[in-house]
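Those letters in the sequence shown? Residues 98 to 437, by my numbering.
FYI, nobody ran anything at the bench for these hints, they're computed from the structure.
Among the clues, some could well be false.
[Stated by the list, open to error] Taking lysine-lysine pairs in the BS3-like style, the calculated list, with each CA pair at most 30 Å apart, reads:
hint, residue 1, residue 2
1, Lys319, Lys293
2, Lys152, Lys140
3, Lys271, Lys142
4, Lys152, Lys271
5, Lys140, Lys271
6, Lys140, Lys319
7, Lys293, Lys142
8, Lys319, Lys271
9, Lys142, Lys319
10, Lys152, Lys142
11, Lys186, Lys293
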Amino acid sequence: MSTAMIFVGLILSTILATASNSWLLAWLCLELNTLSILPFISKTKHPRAIEAATKYFLTQATASCLLLLAGTLNAWLTGTWDMTQMSNKLTSTTMLIALTMKMGTVPTHFWLPEVLQGSTLLTALLISTWQKIAPMSLLFIMSNNIQPTFALTLGLLSTTFGGWGGMNQTQLRKMMAYSSIANMGWTVITLTHEPKASMINIFTYIILTTPTFLLMALTSTKTLQNMTTMWSTSPLATTTMALLLLSTAGLPPLTGFLPKLIIMNELVTQNLTPLATMTMMTSLLTLSFYLRTTYLTTLLNPPSSATSATKWRQKMTKNKTMILLPTATTSTFMMPALIP
98 MSTAMIFVGL ILSTILATAS NSWLLAWLCL ELNTLSILPF ISKTKHPRAI
148 EAATKYFLTQ ATASCLLLLA GTLNAWLTGT WDMTQMSNKL TSTTMLIALT
198 MKMGTVPTHF WLPEVLQGST LLTALLISTW QKIAPMSLLF IMSNNIQPTF
248 ALTLGLLSTT FGGWGGMNQT QLRKMMAYSS IANMGWTVIT LTHEPKASMI
298 NIFTYIILTT PTFLLMALTS TKTLQNMTTM WSTSPLATTT MALLLLSTAG
348 LPPLTGFLPK LIIMNELVTQ NLTPLATMTM MTSLLTLSFY LRTTYLTTLL
398 NPPSSATSAT KWRQKMTKNK TMILLPTATT STFMMPALIP
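The task is simple: from the sequences and hints, build the whole structure.
Below is the structure:
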């Protein structure tokens, strides 16, 4: 019963934050949202989980302080808490830093890999997807008042460090965290020029990440070594996982390629071709570790006489597979058809 109430609080706080038009109400809803997710992170009672909950709380509290500071300064300067009235450069930049810290972008990204690694796969799914909706909605509302140069710099740094950080990871949760950082870079980089493209990108990422984490949880897969033996558990789920990873990397003609194409087109339209070129080059870093993971998943079958211990997995029932696979397959293949 308590878990259900906390989950309802998590959902309601996000909905109220996205529907609010006052920075004070948005700050209150984001605080409730942070307090609602903490029991899920520390539920396992493991030292790593307690450490992850502490890091998450401290980071979100710092971001909330910056958000309240920016909102208070803006209310003092303009006489209103309205989100659309942020003409001052200092308040808009401070608010951008606060909201991007909550989502995990460079340079305030260091908490995300550690928090995901200390959480369970389903909690990591919530942090990577649901917890980004409220801050992203607030950024969308104030997108007209964000400084373009600052947003472009944050986006380019996030795509670069997200790709570099994920290349040496053997833990899938940390790899997905750096992938999230890189994806947030793609979202922020076009926020001031075409905010609708940013929303398309973030929601496409959520659609692709959700079945990926669910398949990991269903097959008890947490490391690259586990991926090498995943094929023997369920070949169909393994193939779908590979397609989801490639789609998240933005490989055409899969779903993840669509928002990247829209963002590239917008940057070129705004005469930012050098920036678009650098962003595409940094996406190759993300593609490299996704291709490595896909290779280990589908093309590297373990030998019959393994010298290392093989991870025990619960047998996947047909019902579980049939629930997940249509969702994963649809999210992988449907959206490229929407390209005009």
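Here is what the structure says about each hint:
no.: 1; hint: Lys319 x Lys293; result: 34 Å, violated
no.: 2; hint: Lys152 x Lys140; result: 15 Å, holds
no.: 3; hint: Lys271 x Lys142; result: 20 Å, holds
no.: 4; hint: Lys152 x Lys271; result: 15 Å, holds
no.: 5; hint: Lys140 x Lys271; result: 19 Å, holds
no.: 6; hint: Lys140 x Lys319; result: 18 Å, holds
no.: 7; hint: Lys293 x Lys142; result: 41 Å, violated
no.: 8; hint: Lys319 x Lys271; result: 10 Å, holds
no.: 9; hint: Lys142 x Lys319; result: 19 Å, holds
no.: 10; hint: Lys152 x Lys142; result: 15 Å, holds
no.: 11; hint: Lys186 x Lys293; result: 22 Å, holds
Of the hints listed earlier, those the structure fails to meet are numbers 1 and 7, in rising order.
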